[in-house]
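K.L.:
Sequence:
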Amino acid sequence: MTDSPAAAASRQATRTRVWDLPTRLFHWALAAAVIGLIATGLGGVMEWHFRLGYTVLALLLFRLLWGFVGGRWSRFAAFVYAPGSLLAYLRGRAHPDHLIGHTPLGALSVFAVLAILALQVATGLVADDEISAAGPLTRFVSSDLVSLATGWHSTQGKWIVIALASLHVLAVLFYVVVKRHRLVAPMLSGDKDIAAADRAAPVAGSRDDAASRGFALVLALLCAGVAYWVSSLRA
Numbered sequence: 001m002t003d004s005p006a007a008a009a010s011r012q013a014t015r016t017r018v019w020d021l022p023t024r025l026f027h028w029a030l031a032a033a034v035i036g037l038i039a040t041g042l043g044g045v046m047e048w049h050f051r052l053g054y055t056v057l058a059l060l061l062f063r064l065l066w067g068f069v070g071g072r073w074s075r076f077a078a079f080v081y082a083p084g085s086l087l088a089y090l091r092g093r094a095h096p097d098h099l100i101g102h103t104p105l106g107a108l109s110v111f112a113v114l115a116i117l118a119l120q121v122a123t124g125l126v127a128d129d130e131i132s133a134a135g136p137l138t139r140f141v142s143s144d145l146v147s148l149a150t151g152w153h154s155t156q157g158k159w160i161v162i163a164l165a166s167l168h169v170l171a172v173l174f175y176v177v178v179k180r181h182r183l184v185a186p187m188l189s190g191d192k193d194i195a196a197a198d199r200a201a202p203v204a205g206s207r208d209d210a211a212s213r214g215f216a217l218v219l220a221l222l223c224a225g226v227a228y229w230v231s232s233l234r235a
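In the numbering used here, the protein residues as written are 1 to 235.
Don't read these hints as lab results, they were simulated from the structure. Computed from a predicted structure; not experimentally measured. Keep in mind that the hints are not guaranteed to be accurate.
[To be verified] List time: in silico DMTMM-like cross-link candidates among lysine to aspartate or glutamate, alpha-carbon distance up to 25 Å: (1) Lys179 / Asp191; (2) Lys158 / Asp144; (3) Lys158 / Glu130; (4) Lys158 / Glu47; (5) Lys179 / Asp193; (6) Lys179 / Asp97; (7) Lys158 / Asp193; (8) Lys158 / Asp128.
Hey, can you work out the whole structure from these sequences and the hints?
P.N.:
Laid out in structure tokens, this is it:
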């Protein structure tokens, strides 16, 4: 039995730009920097640990700004979900639009990773192991805060980052291997094949032209400048 033309059309997929180039570069740069931070932190290579920490600071500042002015599906407004949306997704009743960019569960993961990395960078800037490594902002805060930040950064924070990074990799493997979802390829090419079924109108893609990429480059340079200025405060 062959499908009717309407049924066949409903399953047709349209290739849509979901992840703009700045978002993709941010994603892979952050992944590499976090891996490097974990390795240098565990290995005690503190000079490079600091350099990578400033890199993550610049990346997080960029992602904060890009979350408001970036491509359609990179904006925070595109993946801030109400609790009801998360429950519907977990029960297998997700809205089709919630499966284009970050899913409700994926959005929670994104915010959790960004939040813990921001906290880890912030505590690293005021941490001091009293041996060979002191953050550039330690002289601007109280000794009690330095002690508290140092304890968190070197113990709880470090292991939470490792746990979240490991969980993220395992979740991606689960969706790719078990659920057969294409997660990695779109983050490389930027495009997803969006099925036309259950949609009243075509899905709006993310803007990813030369102008938006140039604007992203300016923002990235400004964020890198802020991170460099912070690093220059190191005594």
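K.L.:
Now look at each hint and say whether the structure bears it out.
P.N.:
Checked hints:
With a C-alpha separation of about 19 Å, the suggested pairing of lysine 179 with aspartate 191 holds against the 25 Å cut-off. Annotation: proposed proximity of lysine 158 to aspartate 144 holds, straight-line Cα distance about 20 Å (limit 25 Å). Proposed proximity of lysine 158 and glutamate 130 is supported: the alpha carbons are some 18 Å apart, at most 25 Å. The hinted pair formed by lysine 158 and glutamate 47 meets the criterion: a straight-line CA distance of about 17 Å does not exceed 25 Å.
Restraint check for lysine 179 and aspartate 193: satisfied, since their Cα atoms lie roughly 16 Å apart, inside the 25 Å limit. The hinted pair formed by lysine 179 and aspartate 97 meets the criterion: a straight-line CA distance of about 18 Å does not exceed 25 Å. Of the pairs offered as hints, the one joining lysine 158 and aspartate 193 is violated, with about 37 Å between alpha carbons and a cut-off of 25 Å exceeded. Between lysine 158 and aspartate 128 the alpha-carbon distance is near 15 Å, which keeps this suggested pair within the 25 Å criterion.
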